[in-house]
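Asker: Quick note on numbering: the working numbering labels position 487 of the sequence shown as 487, and the sequence is numbered without any gaps.
Just so you know, these hints were derived from the structure itself, not from any lab. Please note that the accuracy of each hint is not assured.
Below, computed lysine-lysine pairings styled on BS3-like, alpha-carbon distance capped at 25 angstroms [claimed, not checked]: (1) K425 - K491; (2) K408 - K452; (3) K425 - K408; (4) K452 - K491; (5) K425 - K452; (6) K408 - K491.
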Amino acid sequence: MPQETELKLSLRAADVPRLRAHPLLSQQPSVTQRLRNTYYDTPALDLMRERIALRERRIGRRTWLTVKTAGDSAGGLSRRQEWEALARPGALDVGRLVTDSALAARLQRLRPRLVPLFHTDFERQTWVLGHRRSRIEVSLDRGEIRTGGSGHAALRRLPLMELELELLDGQASDLLDLAHTLALGPPDQSGAGIWMHPDDVSKAERGLQLFTGERPRPMPAPTLRLDGQTHPRQAWRLTALSCLAQMQANTGPLLRHDPAQGLPDPEFIHQARVALRRLRTGLRLFAPWLPRRFTDHWSATWQALARQLGEARNWDVLATELLPGLLAQAPQADATRWTAWVQAQRTEANRQVLQALQDPRHAQHLLAFMHAVLTLAPPGRHARARLDRWAPRTLAASYRRLLQQTRKAMRAGPQGRHALRIAVKRLRYAVGFLGTPAPEPMAQRGMATLSKAQDRLGRLNDLDQARLLLDACPVADPAPLLRVIDARTDKDLERLPRLERALLRMPPPA
Numbered sequence: 001m002p003q004e005t006e007l008k009l010s011l012r013a014a015d016v017p018r019l020r021a022h023p024l025l026s027q028q029p030s031v032t033q034r035l036r037n038t039y040y041d042t043p044a045l046d047l048m049r050e051r052i053a054l055r056e057r058r059i060g061r062r063t064w065l066t067v068k069t070a071g072d073s074a075g076g077l078s079r080r081q082e083w084e085a086l087a088r089p090g091a092l093d094v095g096r097l098v099t100d101s102a103l104a105a106r107l108q109r110l111r112p113r114l115v116p117l118f119h120t121d122f123e124r125q126t127w128v129l130g131h132r133r134s135r136i137e138v139s140l141d142r143g144e145i146r147t148g149g150s151g152h153a154a155l156r157r158l159p160l161m162e163l164e165l166e167l168l169d170g171q172a173s174d175l176l177d178l179a180h181t182l183a184l185g186p187p188d189q190s191g192a193g194i195w196m197h198p199d200d201v202s203k204a205e206r207g208l209q210l211f212t213g214e215r216p217r218p219m220p221a222p223t224l225r226l227d228g229q230t231h232p233r234q235a236w237r238l239t240a241l242s243c244l245a246q247m248q249a250n251t252g253p254l255l256r257h258d259p260a261q262g263l264p265d266p267e268f269i270h271q272a273r274v275a276l277r278r279l280r281t282g283l284r285l286f287a288p289w290l291p292r293r294f295t296d297h298w299s300a301t302w303q304a305l306a307r308q309l310g311e312a313r314n315w316d317v318l319a320t321e322l323l324p325g326l327l328a329q330a331p332q333a334d335a336t337r338w339t340a341w342v343q344a345q346r347t348e349a350n351r352q353v354l355q356a357l358q359d360p361r362h363a364q365h366l367l368a369f370m371h372a373v374l375t376l377a378p379p380g381r382h383a384r385a386r387l388d389r390w391a392p393r394t395l396a397a398s399y400r401r402l403l404q405q406t407r408k409a410m411r412a413g414p415q416g417r418h419a420l421r422i423a424v425k426r427l428r429y430a431v432g433f434l435g436t437p438a439p440e441p442m443a444q445r446g447m448a449t450l451s452k453a454q455d456r457l458g459r460l461n462d463l464d465q466a467r468l469l470l471d472a473c474p475v476a477d478p479a480p481l482l483r484v485i486d487a488r489t490d491k492d493l494e495r496l497p498r499l500e501r502a503l504l505r506m507p508p509p510a
């Protein structure tokens, strides 16, 4: 069955000359072609629901028909089934093309209802390189995606600028190694490198978003079900890819957001932060099965972005969730001045997150991390270890640490509550990674207790952070707002002993 393995990277137009000047490309011959593509689906978008792309491509006088299915994608690296062959224009003879009989039959049934939805039109410059153990096709695509322009539909366009690395033969990790080498920029040119950001969104997906007018939605943590017979190191690899997919599903829309439309949906920053917390928890959780240098390096590498996302999240919560209610309870406060000041701080915090994501070093970190995850050496003397033998002991240890932290929290003030909240989150993430697919009812009640504890401690933390942010305001007296925060905090603290008892009685996770 034909399978495509590809790494997709977003580019900036200003970086293209430096990319072409890299000796890995400049010293190799290339071919430039113009590609005109039409994507088809039914009016009810049946193919989209199954994540199938059907494309007709014109190159000169020849027409190619292509079918691609949904596959696995993380860090810009995707693996999926692909069928492609020369075809008669407009015939859409998918039954002869696809060798999967069930899929071919479904496509044939839909064939009478297929209509063109959108087009891509771009220039492609292609190099074929030998890199390490692999042959790789490097394609630089520059053009546009468009839809509408006929009947009552207005013409809509999106610019297209990306680099694709397709594995012709060899190892998928070599795609990442080559991309990282190119992203460092030409060796004889100074600078921070070239922004080559891994992107999990295909041309077909972007075209469908343009056609439907739908905006991307924040992606919560996906459900991760690991086979108990899996080796813990392989379980870590799957965990890391899941976290990375969630992070990029939320940072991608931040990078593509139009500033003219104001600030992006704050949930994107929230879920990107959740993804990074899950990733760092995974590093800590699976540390016994990973090289010490690996965990130390990547824990430190992701810390700076986690801090910036956390600061932006604090301002988002204050501006969108807390401040309106605080001002309503403190009529003596200058609402206009406070709103303007908080919004300005929020805008700056969001700008700093975007600046970090647009830094070439961030893209290089993503590529290097993916490469490091995929090339981890196989386990040595513990090769027969299994997740279902190790996970219960690990969850039990996390559970004991939570109980210890719970007993300290009541006496430690905001710092203790913050530490307890972190312990609750870590145990929730650990159960999400290592827990059984269908836990017993008692274990389910334990998870419900953890969820409630996280919500209540989160509200207290939001108030603690709001106090710190407002107390630093140089343009207005924060006292009226701080009194409201103190009253809310005192009310929530009254419930803390009950929460402490619930956590101490909570059954261990399974």
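Asker: Each hint should be assessed against the structure and marked as holding or not.
Answerer: Verification of the hints:
1. Pair hint K425 plus K491 holds up; C-alpha atoms about 23 angstroms apart against a cutoff of 25 angstroms.
2. Between the alpha carbons of K408 and K452 the distance comes to roughly 19 angstroms, so the proposed pair stays at or under 25 angstroms and holds.
3. For a cut-off of 25 angstroms, the pair hint linking K425 to K408 stands: about 17 angstroms separates their Cα positions.
4. About 17 angstroms separates the Cα atoms of K452 and K491, which keeps this hinted pair within 25 angstroms; it holds.
5. The straight-line distance between the Cα atoms of K425 and K452 is roughly 11 angstroms, inside the 25 angstroms bound, and the hint therefore holds.
6. In summary, the hint linking K408 to K491 is supported, as the alpha carbons are separated by about 20 angstroms, within the 25 angstroms threshold.
Taken one by one, the earlier hints all hold for this structure without exception.
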